[in-house]
Amino acid sequence: MIFKILFRNAFRHKLRTFLTVCGMSVAILSFGMLRTVIDAWYIGVEASSETRLVTRNSISLVFRLPLAYRDTIRRIEGVEIVSYGNWFGGYYIDEKDFFANFAVEPKSYLELYPEYVIPDDQRIKFVSDRKGCLVGKKLADRFGWSVGDIVTLTGTIFPGKWDFILRGIYEGRDKNIDETLFFFHWDYLNESIKKNQSTSTDHVGFYIIRIENPYIAAETSEAIDESFKNSLAETLTETEKAFQLGFVAMSEAIIKAIQLISLVVIFIILIVVANTMGMSVRERIGEYAVLKTLGFRARQITLLIMGESMVITIIGGITGIILTFPAARGFSLAVGKFFPVFNITGETMYLDMAVTVTVGLLAGIFPAYRAVTVRIAEGLRRIG
Amino acid sequence: MRNEDLILSIDNVYKSYHRDSQIIRVLEDISLELKRGAFLALMGPSGSGKSTLLNLIAGLDQVDQGTIEIDGVNITTLSETDLARWRSFNVGFIFQFYNLIPVLTAFENVELPLLLTGLSKRERQEHVSAAISVVNMEDRDGHYPNQLSGGQQQRVAIARAIVTDPTILVADEPTGDLDRTSAENVLDLMDRLNCDLGKTIIMVTHDPWAGNRAHSMEHLDKGVLNHDL
Ligand SMILES: Nc1ncnc2c1ncn2[C@@H]1O[C@H](COP(=O)(O)OP(=O)(O)OP(=O)(O)O)[C@@H](O)[C@H]1O
Ligand SMILES: [Mg+2]
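Sequence order for the protein chains is A and B. The first sequence begins at 1 in the working numbering and counts up by one. The second sequence begins at 1 in the working numbering and counts up by one.
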């Protein structure tokens with residue numbers, strides 16, 4: 001019966017409840033979306049492997065390293081595979097249609113990234129064709145490419161028109177794998193540079209190294225950097241995770257701002273729900289006094305009010321969570337190129353629920369306290 | 001002077017309220033005894049302290065001084081918690097504005113006090129049906145309060161008050177909000193509860209016509225009981 005009263009009370013003021021539920025769902029929706037944006041930001045960090053190191057020029061990423069370093073690195077203890085590559089910075093038709101593209105050493109690179117799943121025949125063709133390229137499924141879908149197509153990129157760092165034959169399309173092994181990348185042969189890039197003699201040849205932007213196990217990451221990184229100390233191009237080696245974090249750190253202020261906004265959103269909805277509950281309880285203070293007159297206890301009155309508050313926030317919260325999915329899909333379609341992976345994580349949903357419950361409880365506390373402590377005679381007086 | 005037949009005995013009760021720094025003395029040295037099965041009308045002008053006294057008797061408020069004993073229990077010594085428990089078993093309330101819970105049907109409203117007893121659902125429904133038939137509301141028991149007239153609501157409220165078979169019934173201006181016919185109805189009902197079912201009733205009213213329906217009368221004036229009238 002308590003639950004009957006509580007539910008019916010929750011829907012007594014249809015419009016008020018409807019508006020509060022709407023507010024709650026919008027708040028949870030925004031909270032979930034903001035969290036998902038932050039998650040998307042950190043996806044490179046999430047997807048990084050603990051057994052991969054990245055070596056780059058210690059001065060800056062824009063300076064490159066001699067290809068000759070490869071053999072030195074290979075000889076360092078704990079190193080299993082060494083691959084390398086170069087940021088290419090090309091675009092397809094329209095410069096604004098951004099996607100990441102790299103020139104890499106295909107065979108070793110794919111060994112290093114088993115999370116890129118490619119059909120065997122496509123893998124063989126890509127590795128053996130010097131003008132071949134490999135692209136992620138989302139990227140292929142975006143531009144309508146299929147295997148066998150000729151794809152022409154316009155270089156920005158390496159000027160000119162570059163023709164590639166699409167040899168393979170990879171899919172991510174897990175949900176958090178970026179499927180918007182574009183890879184081609186480093187040799188193809190290097191030879192073209194040789195012909196044009198525009199920049200120095202036989203240089204790479206970064207080395208990717210697989211080590212035997214995560215525990216030797218620190219000492220191996222140190223050993224690599226030590227080898228090139230006092231050479232013309234000193235190196236900086238770090239784990240893939242640290243490397244990715246370095247990118248994210250640049251936008252830390254924005255992320256902090258987003259986090260702050262999501263807190264503000266929660267705070268606002270807390271006030272809105274608390275106000276709704278405050279109004280409702282104030283109007284019904286006489287009814288609670290009657291219940292107390294009949295012998296109902298503080299515990300039951302509290303349950304009645306907190307329960308009503310929870311009903312409102314939970315309906316709103318669940319609606320918000322459900323709405324987050326289509327919203328995230330829409331968002332992903334709209335700005336997907338900046339966020340290659342845009343998934344709502346389980347953690348976000350748990351947080352949504354935790355926020356829902358917390359708001360429900362906090363919003364109910366003060367009205368419940370009032371209803372419990374108001375003297376019966378006082379409460380009864382308010383009737384009529 | 002213990003007496004088996006005595007159901008209520010009030011001894012030298014004082015009650016005052018504090019408003020800001022001002023002390024309002026509402027009840028002064030009230031003493032009163034009531035026999036089991038009495039039907040008392042508590043009369044007096046507005047502001048004389050009738051509701052205050054009734055609230056004290058019903059265990060809704062605490063005295064400043066003095067004792068109130070009901071059916072052998074000194075309720076002035078009970079804690080808030082024990083008092084709430086005591087109320088749920090011993091007092092039936094009838095209010096001027098009926099005070100039914102608007103989101104519950106007549107039947108559910110009557111069932112409400114029984115939730116605090118250990119009765120099974122079946123037992124509860126039997127009690128509720130019995131109480132509702134006493135007040136003649138069987139055909140409207142699925143209605144919500146706002147679908148009932150004032151008189152009908154008050155009858156449901158009376159059913160709610162008697163459903164736990166309390167020791168005493170207290171009624172604060174039970175006819176104050178009703179037209180003459182409905183009021184007559186309610187008073188007839190209370191009379192039946194008193195005569196046929198032997199319920200002890202204390203009714204506050206400032207309407208002499210309603211007061212005359214009771215079997216005894218006490219007058220409160222400026223917080224003092226006036227037995228002589
Ligand atoms: N909580 C309170 N705080 C301060 N004063 C109070 C309080 N409750 C009652 N009073 C005062 O006590 C006096 C008696 O009030 P009470 O309600 O008992 O009168 P009453 O006889 O029932 O009057 P009415 O016939 O108008 O209902 C009044 O002067 C009232 O203002
Ligand atoms: Mg009164």
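Any given hint could turn out to be false.
[As the list claims (entries may be wrong)] Output of the computed footprint for chain A on chain B, the stretches with three or more beta carbons under 8 Å from beta carbons of chain A:
(1) 95 to 106
(2) 110 to 119
[Said to hold, decoys possible] Covered by chain A, according to a simulated footprint, are these stretches of chain B (three or more residues, beta-carbon under 8 Å):
(3) 50 to 63
(4) 123 to 129
Because the hints were derived from the structure by calculation, they are not lab data. C-beta atoms are modelled at their ideal positions from N, C-alpha and C, and glycine is treated no differently.
Comparing the hints with the structure gives:
Residues of the stretch 95 to 106 of chain B lying with their CB closer than 8 Å to a CB of chain A number 8, which satisfies the three-residue condition for coverage. Counting residues of the stretch 110 to 119 of chain B whose CB falls under 8 Å from any CB of chain A gives 5; the rule of at least 3 is met. Three residues within the 8 Å Cβ limit are the bar, and the stretch 50 to 63 of chain B against chain A gives 6, so the coverage statement holds. With a cut-off of 8 Å between beta carbons, the stretch 123 to 129 of chain B has 0 residues touching chain A; three or more are needed, and the interface restraint is violated.
When the structure is compared with the earlier hints, a violation turns up for hint 4 alone.
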